[in-house]
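Throw the hints in and build the complete structure from the sequences for me.
Protein chains in written order, with this note's numbering: chain A, 654 to 1238; chain R, 148 to 437; chain S, 194 to 510.
Keep in mind that the hints were calculated from the coordinates and are not lab data. Where is the CB? At the ideal position from N, CA and C, for every residue including glycine. Each hint can be trusted.
Restricting the straight-line Cα-Cα distance to at most 27 Å, the calculated cross-link-like pairs of lysine-lysine (DSS-like) are:
#1 A:K849 x A:K795
#2 S:K236 x A:K939
#3 A:K894 x A:K951
#4 S:K203 x R:K324
#5 A:K939 x A:K958
#6 S:K236 x A:K849
#7 S:K203 x R:K274
#8 A:K894 x A:K939
#9 S:K236 x A:K795
#10 A:K951 x A:K939
#11 R:K274 x R:K324
#12 A:K958 x A:K894
Listed next, with one range per pair, are the computed distances between beta-carbon atoms:
#13 R:I174 x S:T323: 18 to 28 Å
#14 S:T323 x R:G182: 27 to 37 Å
#15 S:T323 x R:L406: 23 to 33 Å
Just a sample of chain A residues kept apart from chain R, beta carbon distances all over 10 Å, derived:
#16 P714
#17 D748
#18 L901
#19 I1023
#20 S1128
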Amino acid sequence: MALGACGPADAPEQGERVIYRHSMDGVPGSLDPARASSVYNKFLAVNLFDTLYRYRYLARPYALAPNLALELPQVSEDGLVYTIRLKKGVRFVDDPAFPGGIGREVTAQDFIYSIQRHFDPGTLAEGAWLWQGRIVGLDDWKAAGSDYAQTVPGLRALDNHTVRVELTAPFPQFTHTLAQGYAAIVPREAVDHYGKGFSNQPVGSGPFTLASIDSARAVLLRNPNYHGDAFALDAEGFDPKRHDGLGLQQLSGRRPPFVDEVIIEFITEDASRWNALVSGDAHLIKVPAGQFDQVLEKRQPLTLKPEFTERFRYDASLESGFVYTNFNMADERIGYHPDPEQDVRNRALRCAMVKAFDWGRRNASFYSGIGRIFPGIITPGVPEFDAEANHEYVRHDLEGAKRLLARFGWNATNLPVLEYGFPASVTERQMFEQFRGFMVELGFPPERVQPLTFASFADYYRAYSNREVMLITSSWTMDYPDAENTMQLFFGLNQSPGSNSSNYSNPRFDELYRSSATLAPSEARTEMFREMNQQVIEDCASITGISRTLLFMWDRDLVMVPDRSFVGGFYLRFVDFDRAAEDQQ
Amino acid sequence: MNRDPAFSRPHGPRSLMRGLFRTGAGISGFVIISGFALLAMATAAGAIGSEWWQTSAGAWQGPGAEHWFGTNRLGQDIFARAVYSTQTAFEVGILVTIASTLLGATLGGLAGWYSPGWLDESILWLKGVLDSIPFYLLIAAIAYAMQGSPWAMHLGMTAAFWTGTARLVRGEVIRLKEREFVAAARAIGLPGPLIIFRHVLPNTFNILLVQATLVFVAAIKTEVILSFLGIGTRDGISWGVMLAESSQEVLAGRFGNFLAASGFLFVLLMGFNLLSDAMQDELDIRGQTA
Amino acid sequence: MRSGAYIFRKLVSAFALLIGVTFISFLLMVWFGPDLTYQSLGKNPTADQISEVRRQLGYDRPFMERYGAFLGQLATLDLGHSDSTGEPVSRLMARTLPVSLALVLPGFLIGNLLGILLGLWSAWQRGSMTDRFIMGASVAGMSLSFLVIIILLQVLLCTPWGLNLFPARGWSVDGLSAYLYYATVPTLSLVLITLGYNTRFYRSVMVEELNREHIRTALAYGKRTRAILFTHVLKNSLAPILTRLLFSIPIIVISGSLLLESYFGIPGIGKVTYDAITNGDQPVLKAVVSLTAVLFVLVQLAVDLAYRWVDPRVGPS
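Encoded structure:
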């Protein structure tokens, strides 16, 4: 299997090196799990390092599975104490950072260190928010100076392979947080040895090791000492209805990872990614929305054109997250206003704008018509989603919108100037222009709909975290498959600079949020979430929302079920070429 | 070298025009530029292309009677957008040209007059510093430093372009310093700056004119690339933004944006280059290009 | 000694230049530049976390302290690690600089070589149809935007809409054939974009030479054409040619490569630097800016020396 091969992949022959060519539509920055915030960083982090838990490869809805842990945690009656047993004999890779250059065994203390790092300012870690105020003694440890010689009462190693975590309050999603890239286990020796360079010099115990990385590609090599258990179809959630014919059966009983080498190309430009697939430079791509017309025969149900099904398999799945446009409720021109009459008028304006926003056209122009539109903030991917919900909130109703404006005394002379913020990019600018079109249809003079561009996303993030942006369009990727993750987007205490970029503040909503926070998933909790959702809808705090459908295409000679959601990078270890087909040749 | 204006015919604006109209290149250049300038003014007045932001038509329509270049992803008329971009191009070109010419002439004049001396050395130092920072990096840095003000692009370009003008003007002033009329002005006791700005600089008018055309071209071309990088035109539409959109679209087989923007851009730039050529030939001057 | 004083003055002005470049760069890219704070924050940051990160990244230190640290690190060549990826900056530069050079040099050399040849031919035939055609084509070339050329070539050569002979992006160069495979389209773009300017410049230089008395005399005596061209015209044009070539180098390597690398996905120093500016990755910026400043100063020095060697009449003013 030569590098740079052009043309369709062939199943490898005996003795040949098996190389899988993956592609990503972005470039990872740091490989340090403490900075695994972007989906690209995370993809690499979970393949180079180990988390205690991961998600089952094939199970949908998504389900947790043990990774470095032996089994799911033992949780005490009150939900405060988690006892987790680690596998024995798992080793870090050999590296000069260790004495003698030999990688040592992964212990419970390593896990504790990896979590504690997030509360050490020197790490510049990004995952602290997951455990902030939730683990006994951890915040105090930080306040006392983050001294690693001090132990944290809530993070104890009962022995070398058993961890005991004590929470301040029940946290039903805690195990999910241990499947995040942030919770991957790093050896202290390597962090001390490499310092800032650790972001580029990963030393982990994951299924792959890093051979090289630059701004164009990364090369991963199979870790021959990986601890992965033999592949079992049932354990991974195999469903004959959905997974038949994919060749997954041949993976049974074998120990991952299955390929010798993975080359990950970072291809941000949509069309180049498509070319890479067609020419064989990449075995898998996320198909750019602009290419859907060329590739899809039908949209309902989603079918590929025959000339492509010959060479490729495909899978369309909903993202775990959504895209929305928030109103900055802290901005008196459009949000909360101290004068109750004006406050009501502002609400009418927001609701009119929501009605005037044509989700159908947005879906057609930018998501090829296959995005999933839904009202509110409970996304289609979670169990709490109500498929029967009233879609009035996302229905395009221009007449109703105009009537609303007229009724509350808004007209072309007193409408505020809308400032729509976005980071500079072609697509974002086009989305703005379409938004302006919608607002003009509503009755805004075109010069009252202004773009507020920012040179980079970080700049944009800074601006809206400082409440400087009136209309904030962004997307939210869920951290765990639980609607609580999107509810907290409108919780009053999470206002800017927190994730509540809308600066929404509703006492009833906040009360419900607090009550539901410690509840495990249940009907009662779902009812509360739905009521909270209704609150956001009635206040017209956000134009929401759409979940994008991601389309993957990959070479037919490969056996895999790609996922960009919670399974994410965890599926890389299960990718293999179809050796059964090759045997038949 | 035949660069000393003293050895060519003295050119006032009228004789310059007559000279330009002698060549085919000069005429075509002038006609093209005037045409575009009129177009720019017409769009500024709202007579043409005012519907460039309209998203009412269907997406991706091919060229036809209603939309000469078809429509784009949002159903906007590509031709209207290309026409409106003329205004953006002229705005960028004129602002940058005037600013960099004024700045370059002033600093170049001062440097040349007070050469050799500390003022000259300082201005030369400043030029050297700005020249040694890679062009796009300088502009990108200014754009980010100005936190996304709509004038960041213009300021950045001015900061980069004035050095070329200054270099030329400084050379001319040094040469002109030795001339009789300057000695005479000094003899009657006129102050230095007055001599520079009232008597010496006006003699560099031809050089400045040639350089201005080159800077205009450079400004428009730079805007295109800056818009592609995302730090160019912020509000409104420009050929650079259209080309940035087209860079992805062409690989999916949609050429409308590309053809319209590159077509308009090419013709306007040709016009300027032809005119600039004719001027350089006529005045026997060479400007400073990139 | 006049030479000694001359060299001393040159060194002083070179040093002043370096100080100036580093100061302006510091001002623009560090003091006023974007900061990494919001990229280093996770979701749901608290105001405390924000100020913590800012303190860690050193953003709340006073101006002189930060500038002093900046200069100190430059002087000791302590390049540090990239703030975005953690890669040691020295390794980053060692990795990306050769790529940019390999990407840009062929186009640069070919563009200038062709420019010289076409300029010479055009100057020799000045006034003829050939000359007018070449000049016309040059003006057309100057009127094309770099971006337009790149997009056009990519469509014509790398996609099914055209010839589809070359890759639309990438740089897996492990041998000569791979190098040709990946470098051809970018090189072609660079040549096309610079050819117009080069041809016109070289033509005007050659024309001036050809107008000189001694050339006209030689022609009148009927010496062989080629001998005249090569021995006299080229040699005397050497000064402006060298100047142009040398001055273009730093610009071409960093600015010229930026667009090509962004567009064709090539991991070179132009793209890395641009990303560093947009991300506020200061260690990388420090290194690149100092490198270009040093290069520029060296080029200035080289040009001065070249002038003195080529035309001994030119001395210190």
